[in-house]
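Enquirer: Got chain Z; can you put chain S on it based on the hints?
Heads up: the protein sequence lines correspond to chains Z and S, in order.
To convert, take the position in the first sequence, counting from 1, and add 62; that gives the numbering used here.
To convert, take the position in the second sequence, counting from 1, and add 777; that gives the numbering used here.
Be aware that one or more of the hints could be misleading.
To be verified - Estimated spans, in silico, between C-beta atoms of each pair: (1) Z:GLU171 to S:GLY797: 28 to 34 Å; (2) S:GLU796 to Z:GLY84: 28 to 34 Å; (3) Z:GLY84 to S:GLU840: 29 to 35 Å.
To be verified - Which residues of chain Z face chain S? A few of them, derived with a C-beta cut under 7 Å, are: (4) ALA67; (5) CYS69; (6) VAL72; (7) ASN81; (8) LEU92; (9) GLU93; (10) ILE96; (11) PRO114; (12) GLU162.
Bear in mind the hints are in silico, worked out from the structure with no lab data behind them.
All C-beta atoms in this analysis are idealised placements derived from N, C-alpha and C, irrespective of residue type, glycine included.
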Amino acid sequence: MDPDARCLRVAIVQGELLNPGGRVDALTVLEEEIWGAIQLPADDYPDDVAEPLLDQVAEQAEEFARHGYRLVLIGDRAGLTEALARHGVPEPPSIDPAGEDELRAFLAEVG
Amino acid sequence: MPGVAFVAHCLLNQNSKTEGGARCPGVYSPLVEEIRARGWRLEQMPCPELAFTGLNRFWAVKEQLDTAAYRRHCRRLAAAVAGAVAVHVARGDDVIIVGIEGSPSMGVHVTSSDPHLRGRPTWTDDASELSPGSGIFMEELVERERLAALMEGG
Chain Z
63 MDPDARCLRV
73 AIVQGELLNP
83 GGRVDALTVL
93 EEEIWGAIQL
103 PADDYPDDVA
113 EPLLDQVAEQ
123 AEEFARHGYR
133 LVLIGDRAGL
143 TEALARHGVP
153 EPPSIDPAGE
163 DELRAFLAEV
173 G
Chain S
778 MPGVAFVAHC
788 LLNQNSKTEG
798 GARCPGVYSP
808 LVEEIRARGW
818 RLEQMPCPEL
828 AFTGLNRFWA
838 VKEQLDTAAY
848 RRHCRRLAAA
858 VAGAVAVHVA
868 RGDDVIIVGI
878 EGSPSMGVHV
888 TSSDPHLRGR
898 PTWTDDASEL
908 SPGSGIFMEE
918 LVERERLAAL
928 MEGG
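Bound conformation, chain S alone:
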């Protein structure tokens, strides 16, 4: 029986992306439709970058965001999401987390990394910043003690 898909904020709201980063105007339909067609319930996670660096932010790699303050912010958001996940796990629902591969915050298996990127923003189309690993929010989410315990129990 289908369960609950916790999806990255921007899948339902491309307005949260950086300027030039949106793939479409509003809802990113291809993935959302696939999830709905399979009968999964949608739950939207907050966008960590939107609330922290705002709508006028530049594109960034993980190293540029990885500060103590941003980690605290992501921990606060992760705690909120973990609370909702716990509600569904307690009901016996299957839960999946859908992030954004390549994102410095929401990447699950692929993030973006470039320890040398700094100073005046430049970005070339052939930049090879994609790297194995999770984004900062995803790291904090899986580190949540409650979520970790639930996943072990599940």
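Bound-form chain Z, shown alone:
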């Protein structure tokens, strides 16, 4: 079997921060700091579209949390707190970064 390359660190990330035009280029920072990402549904999705996607995010976060992976939240999304609570996932350390340097420092501190 190949050696296990997984970094065991997962960031739940506001959708817009992983795409061009976001106030922070979170994807580049996550690549540099070696974290995986779970993307939250876009802020402008209607509730009936976002809710099942949020449910999936919480279900997957629960699996990572249960196995001791480091979880953090970057940015936010309406409905996430409730979805995490439904799946029994404690709210992870979070940041709403104003820039890449602030995000880098946060990840270094929690990681």
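Expert: Here is chain S on its own, set in the frame of chain Z:
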């Protein structure tokens, strides 16, 4: 004008792979960077295997996952993804789906198949399980009535 790329979960999070299956620690940069460099917006699809068989799962071929319960699970996820695709199609965005060739769930044109694999897990490096066809999630996604109608209309 670039549109929206719905990508397999593991392209942004290799932690979702089976032990020994990750190609890198976190984000699988080569493909993600290519998509971003072309100006496409990223939307991550859920990993069907992660939520169903968990982080400690073994590697598997399509026949091992293809149960009624797993199909129901994939249909639930496909419905969620199809809803998001519909939002973008309604806006006039181009949409592409980026799966993982060779995956029993996320393969688009190539999946993995071996009807004889069973029992105690064994896997050799020269296993020839790659087969033409789609993975289970991809089959359920394209079967979604709403998505099928959108693609025909597009």
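Enquirer: Work down the list of hints and note, for each, if the structure agrees.
Expert: Hint check:
Between Z:GLU171 and S:GLY797 the CB atoms are about 30 Å apart, so this pair conforms to the stated range of 28 to 34 Å. Range check, S:GLU796 to Z:GLY84: Cβ separation about 33 Å, and the 28 to 34 Å hint holds. Roughly 42 Å separates the CB atoms of Z:GLY84 and S:GLU840, a value that falls outside the hinted 29 to 35 Å. Interface hint at Z:ALA67: satisfied, since its Cβ lies 4 Å from the closest Cβ of chain S, which is below the 7 Å cut-off.
At a threshold of 7 Å, the smallest CB-CB gap from Z:CYS69 to chain S is about 4 Å, leaving the interface hint in force. Interface hint at Z:VAL72: satisfied, since its Cβ lies 5 Å from the closest Cβ of chain S, which is below the 7 Å cut-off. Interface restraint check for Z:ASN81: the shortest CB-CB distance to chain S comes to about 5 Å, inside 7 Å, so the restraint holds. Hint status for Z:LEU92: holds, given a least beta-carbon distance of 6 Å to chain S, under 7 Å.
Interface restraint check: Z:GLU93 against chain S, minimum CB-CB distance 5 Å, threshold 7 Å, status holds. With a least beta-carbon distance of about 5 Å to chain S, the hint placing Z:ILE96 at the interface is held under the 7 Å criterion. Among the interface hints, the one on Z:PRO114 holds; its C-beta lies about 4 Å from the nearest C-beta in chain S, closer than the 7 Å criterion. A distance limit of 7 Å between C-beta atoms decides the matter here; for Z:GLU162 the minimum to chain S is near 15 Å, and the interface restraint is violated.
Comparing the model with each numbered hint stated earlier shows that hints 3 and 12 do not hold.
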